[in-house]
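Keeping the supplied structure of chain G fixed, place chain P upon it in accordance with the hints.
Spelled out from the first residue to the last, the chains are:
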Amino acid sequence: MRTSLNEIKLIDDHLFNTGTTEDELLFDAMLILNPALQSQVMWQKKSHFIVQQYSRKKLRAEIKAAHQKLFNENRYKTFRNRIMHFFDSV
Amino acid sequence: MAQQINFGSTPAEREEAFISLYKKVFPSAAKYVSKMGGSFDDAKDVFQDALVIFYERTAKAAITLQTNEKAYLLGIVKNLWAAKFRENTLYTPLDMQDDMMEEEESQPSQNKLMHLLETAGQKCMEILKAFYYDNLPANTIAALFGYSGIHSATVQKYKCMEKVRETIKEKSLAYEDFVE
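Quick mapping for you: the protein sequence lines, in order, are chains G and P.
Quick note: the first sequence uses this note's numbering, first residue 87, plus one each step.
Quick note: the second sequence uses this note's numbering, first residue 13, plus one each step.
One chain only, chain G, in its complex shape (with noise of 0.2 Å):
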C-alpha cells in the first residue's frame, strides 16, 4: 500500500483504538514529529462522521421500504389489520 493510504490505517487504527501498544506510542511520537498529521487524524474523524450519518440514512430508508411492503401490499392484510385493531378506539 502507498504511504498515504498506510497513514489513513494508521488514523483509523488510533481513531478505532485497534492496533498495538507499540503502534499507539509510535502513532504519538509521530504526532509530536509532524503536526500535519493532527489536521489529517480531524479530517478523518469528520470523515467517519459523516459516513455514519449516510449509512444510517440508508438504513432509514431500506426500514422504511419494509414498513411500506407490510402496510401495502395485499399479502400482509391480516399482520396490518392485527395492528391496527390497537388504534381502533385511540
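Hints in this document: simulated from the structure, not taken from any laboratory.
You may find that some hints are simply not true.
[Said to hold, decoys possible] Pair ranges (Cβ atoms, derived):
#1 G:N103 <-> P:L185: 27 to 35 Å
#2 G:Q154 <-> P:A186: 35 to 43 Å
#3 P:F52 <-> G:D114: 47 to 55 Å
#4 P:E28 <-> G:T106: 38 to 46 Å
#5 P:S51 <-> G:S90: 46 to 54 Å
#6 G:R161 <-> P:E130: 30 to 38 Å
#7 G:T107 <-> P:F97: 25 to 33 Å
#8 G:N103 <-> P:E178: 22 to 30 Å
#9 P:S160 <-> G:R161: 37 to 45 Å
#10 G:D99 <-> P:R69: 17 to 25 Å
#11 G:F113 <-> P:N91: 33 to 41 Å
#12 P:E28 <-> G:L112: 50 to 58 Å
#13 P:F97 <-> G:E108: 46 to 54 Å
[Stated by the list, open to error] Here's a subset of chain G near chain P, in silico, CB distances under 7 Å, partners left out:
#14 M87
#15 I94
#16 M128
#17 W129
#18 K132
#19 S133
#20 S141
#21 L156
#22 F172
[To be verified] Covered stretches of chain P (in silico footprint by chain G; criterion: 3 or more residues with CB under 8 Å from a CB of chain G, positions within the stretch not fixed):
#23 26-35
#24 127-141
#25 144-150
#26 166-179
Glycine included, C-beta positions come from ideal geometry on N, C-alpha and C.
Just chain P now, with coordinates in the frame of chain G:
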C-alpha cells in the same frame, strides 16, 4: 437461550430481516405504545428507531443475545418510549435528531457535502458503509463489490477514505461553517 443475529449483507437480505422482525415484534410494540396512549405514527417512529439502534449494536459488536431478539428489541422500544417522558418533552425520532444535530453542528454545509458525496462518490460511500457501518467481513465485501480478494477490497477502502477525506477537507474549507 443464546441467539446470533444476522442481517445478511445485501439490501434484499436486510429487507427480509426487517420484515421478519416487524412481524415478530411490531405487534407487541404497537400494543405497548397504544396502551401508553400513543398513536400508530408514534409506534412506527419508535419502532423504526429501535430497529436502527438494534442494527447498529448488532453490527458493531456482533452481539450474541442471551435473551431472545423479541425481548431485546421490545426493551429498546420501551426505553425509547420512557425517554420521552423522562425528558418531559415530545418524542423526537432519531432521523429528526440527526437533522437537529446537523443544524447545530454544520448546517447547511453538511447537507451540501452529503449531497455531493451521495452523487459523485456513491460507490465509495457504499464501500465505506459496508466496512465501517455494516461491519461486514472483508471477503464478503470483496465479493459484493467485485474485487479479486480481501487485499484489493481493503486497499479500496483506504483509497475511498482518502477520497472522501480530501473532498470533505476541500469543500469544508470552502463552506467555512463546517469547520469548528
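How the hints compare with the structure:
no.	hint	in the structure
1	G:N103 <-> P:L185: 27 to 35 Å	29 Å, holds
2	G:Q154 <-> P:A186: 35 to 43 Å	38 Å, holds
3	P:F52 <-> G:D114: 47 to 55 Å	53 Å, holds
4	P:E28 <-> G:T106: 38 to 46 Å	39 Å, holds
5	P:S51 <-> G:S90: 46 to 54 Å	52 Å, holds
6	G:R161 <-> P:E130: 30 to 38 Å	33 Å, holds
7	G:T107 <-> P:F97: 25 to 33 Å	45 Å, violated
8	G:N103 <-> P:E178: 22 to 30 Å	25 Å, holds
9	P:S160 <-> G:R161: 37 to 45 Å	41 Å, holds
10	G:D99 <-> P:R69: 17 to 25 Å	23 Å, holds
11	G:F113 <-> P:N91: 33 to 41 Å	37 Å, holds
12	P:E28 <-> G:L112: 50 to 58 Å	45 Å, violated
13	P:F97 <-> G:E108: 46 to 54 Å	49 Å, holds
14	M87	6 Å, holds
15	I94	5 Å, holds
16	M128	9 Å, violated
17	W129	5 Å, holds
18	K132	6 Å, holds
19	S133	5 Å, holds
20	S141	4 Å, holds
21	L156	6 Å, holds
22	F172	4 Å, holds
23	26-35	holds (count 6)
24	127-141	holds (count 5)
25	144-150	holds (count 3)
26	166-179	holds (count 7)
Consistency note: the structure conflicts with the earlier hints numbered 7, 12 and 16.
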